[in-house]
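J.: Each chain, written out:
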Amino acid sequence: MTTPKFVPSTDALIKKLEKLSKLSFDNVKLRDEFGLILGHISSLDEVDVQNIKPMFHACIEDYEFAKDEVEVFDSELITKTSPYIKEHFFCVPSILEEEN
Amino acid sequence: MSNSFLTASIPALAKLLRDKKISAKELCELYFNRIKKHKELNAYISIFEKESLLQASLLDREGFSEKDPLMKGIPVSLKDLFMLSGTRTTCASKILENYIAPYDATITKRLKEKKAIIVGKNNMDEFAMGSSNEYSYFGPVKNPWDTTRVSGGSSGGSATAVSAGLSQISFGTDTGGSVRLPASYTGILALKPTYGRMSRYGVIAFASSLDQPGPMARNVHDLAIAYDAVAGFDKNDATTSSKKTENVYEYLLQENKKDLVKKTIGIPSSFIKEGVDKDVIKVFEESLALIKKIGFKTVDIELPHTKYALDVYYVISPGEASANLSRYDGIRFGHRNKGFKDLESLYRGSRGEGFGEEVKRRIMLGTFVLSAGYYDAYFAKAAKVRTLIKTDFENAYKKCDAILMPVSPFTAFKLGEKMASPLSMYLSDIFTISVNLAAVPSLAFPAGFSSQNLPIGMQLIGKHFDEKTLFGITRLIEMEKQDCFNRVSVE
Amino acid sequence: MSSYDVVIGLEIHAQLSTKSKMFCRCSTLYGKKPNTNICPVCTGQAGALPVLNGKAVEYALKTALAFNCKINNTSVFSRKNYFYPDLPKGYQISQFDEPLSEHGYTEITLKDGTTKKIGITRIHIEEDAGKNIHDNENSYVDLNRAGIPLVEIVSEPDMTSPEEAVLYFKKLKTIIEYIETSDCNMEEGNLRCDANISLKPSGEKKLGTKVEIKNLNSFRFLEKALSYEIERQTKALSSKEKIIQETRLFDSDKGVTRSMRKKEESNDYRYFPEPDLRPLLLNESFINKVKETLPELPDTKIKRFIDVYKLSYYESDLFCSDKMLASYYESTVKAVGDAKLTSSWIQTVVLKALNDNKISVKDLKLGAQALSELLLLIKDGSINQNTGKDVFDEMLKTGKPAKIIVDEKGLSQIHDEGLIEKIVEEVILEATTQVEQYRAGKIAVMGFLVGMVMKKSGGKAKPAVVNELLKKKLG
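Protein chains in written order, with the numbering used here: chain W, 1 to 100; chain E, 1 to 491; chain L, 1 to 475.
No wet-lab data here; the hints were simulated from the structure. Backbone N, C-alpha and C fix where the C-beta goes; we use that ideal spot for every residue, glycine too. Each hint should be verified, as a subset may be incorrect.
Not the full set, but computed from the structure, chain E residues with beta-carbon under 8 angstroms of chain W [what the hints assert, rightly or not]:
| no. | residue |
| --- | --- |
| 1 | 195 |
| 2 | 289 |
| 3 | 333 |
| 4 | 390 |
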């Protein structure tokens, strides 16, 4: 295994990732390790993949569609165990934009 | 009830139950006493003593006959990411600490149909992300062979439970080695089936195109029976294969050794040399010698792209995981932070408080490799290299029927030893990861011990949907080298 | 003031009318109590997995074929990642770079009678999100709608006016109603429209900044919103202001578009192929099988009605706007054998009845069979048109067939010429003023005299005969 190089991550990049993943990565340790890992996976750069199809699915034989028939699930198994139900709705703080 | 029953295989127990030499309740009590006795191993997050004993009593009243499934009355544990309706399913995470499963996983359902007794949910690495089971919200799992060391992960609780005789069999999941690695560190067997063989419905997802549930046991017959009980097509999981599953246990009973040894075992020598413990190499060579002694031919094979497997894995699995974990947002279930002032702070607070460090690290990485400007260079590229890795195996299988390799380059390390560097932790998986990427099956079995008396496991990697061959070969090994198999690691 | 070219494209989402959802078997029925048509899959519970509804695929394929799209034998589902309370998994399963179909088109007929081709960039399948409602403090999420199958129909930016956009949207709705892959009920949210509009200086090739207007769910709102946008953008551009690329909403009360509260910068959706669903493989035989289920589409039907029944474009278009109405017309003509008579009756009497009762053809209890019986009675002279209208109303009210009503009420036209002649002579004797006026050359008075005879005969005289007799006797 080659020694991984460190790829520094910019503040802007981290901020963007935080926004997209709804997390905070203020922890410096987290950022440092991220840079180390990035350096490591950059070894993929050297692989020649011309004309190679990507493998996004692990099992691709023929299959059957599901039939369009209703099967009732007891919705209370979900709503009665959720701590966030208020009068049959999932209650969240106000969403600012208008909806359909 | 004596501990000697712990080394009885499932068929033997089934006979004892039929002959009324033992009762299901006694068997259950044996296990629960041991679970309580060995609490410090931290193999369980939840146990269901009352319910299990009640169920066992009912089964005793029903009686046991030859027509019953072999799993009837057998104490089974499940990694805590299998949905078990009405009970806490935590995934070893604070974010699901009090999550009550609203439905059964298909595997859970099939075990219930076979009347197995689900005694509890095993500890694991949070969201299956880890190789040592030190990333659990409920504390690390200890290796029963040496409690200052890790059990391996992410199915560490499952492995320890089986190894220490705290359940007869367990089901874990394997995404990059997560049943095989802890099996190797704790001296038991584990199977990562071909992708598509086992249903993932109701199994909390880590990396969708890599995850596969797998049975863990102390001997080959138990492993086969556990596999037979749940394998096969599921209409609720669109990635399961409709290929018919053969009953492996029956195959093992009938199998004629003469036919099996006609198969060839491939040895990827060049890959193994780098950075591997000398004890691991020694046990590998002993296994190789044993294989030859049994009568197998061996052949050298190359897996030229497996040196990129780790990198491909650490692009694809976090990518898929980052999306799979978006549903844990504090909106409908799971942990929600207090004192949020708006939606954004609800999201950030719930997820921030709920996820551990390693999980956040992987979400960060996953979000990065999928993001605009980086997707082609990382995620799409890794998927192409994955094709090359898969092709390596397909090419190798033109020359052989199964591949023998160590499970891990080292044995169970000390608790805390690798926590300072996640990268060093990731290196535990170098031998296991390519298997998941290629979607092929692999069976890990106990092959020997290190100079410090720590278990060392080997794995047999097979062709797609050829689990049968792996079981057959391992059974022959088991018959030759009984001292490694069917052991309980603690009193 | 320099003039601007308007460039409009529409993105329409239609809910497919399957019984169950796209990836789970929950019911799609509208109007149920919140969070009752749900299950682990459509609420994004831990461990849940999607399974593809074959009917949804069939309906989506049928829709793509109806719009002349090229079908991709292999298409792939993708995850579109973003956080929103009505999106339970934190991603929507949609299609991105390998959609079900592309490069289609449809035609609209402009006011001047010319046709214009509107390109369709792509039609793909995806799942719907849940619904949010709000009060002053909180928002409330109902996931009944989450997971309902949608087709997304993206047009090329080929429309150049709000009128064209409305024509396109209307055409789309008609075609989808014909192929019955969606209920197209805009009030229930089955059909939703987003518009993209930009302006560029006349003749310039480079497109202007695109503004998106969301949720224009009626033809009127679409037209008004686009008209307002043209006005707003023209004003801005003329004052050398820059148009901001943004998403706006239409305020139907004030008739203006407003900027949506900024959702930070444009979202990076991080699309990647959905690993839980295999690529969608559609072979030619399956595609052909679905193609064979396509009914005669509106454009073809309109042309055929013009050719075969010699209708005007207006009439043909009117009848063919509703497949059931077209079928109603056609069945009636086949039984009656008079295309013009049927056409005039449907335009005046039937459509008026539908309007007055606020129903559509499918709810009309007076079927084509019943109508044709009535029209045959008119055609063979048993009753006249006016009586016919009364009989029609009675048929609607009582559900009785035409013949029975005519007999029961004794409405048959009087054929006995002798009887009519008697009444004509009576009228000539009574209406001396009008008779004189007629003889003096005021021909228009004939109408009054005919009317008098009709009245005296209780409306049962045959008007043509009355006319003839009067003319004969008055010289």
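J.: Determine for every hint whether it applies to the structure shown.
T.: Taking the hints in turn, this is what the structure says about them:
Here the hint on residue 195 (chain E) is kept, as its CB sits about 4 angstroms from the closest CB of chain W, short of 8 angstroms. Interface hint status for residue 289 (chain E): violated, as the beta-carbon distance to the closest one in chain W is roughly 28 angstroms, over 8 angstroms. For residue 333 (chain E), the interface hint holds, the least distance from its beta-carbon to any beta-carbon of chain W being 5 angstroms, beneath 8 angstroms. For residue 390 (chain E), the interface hint holds, since its Cβ comes within 8 angstroms of a Cβ in chain W; the closest pair sits about 6 angstroms apart.
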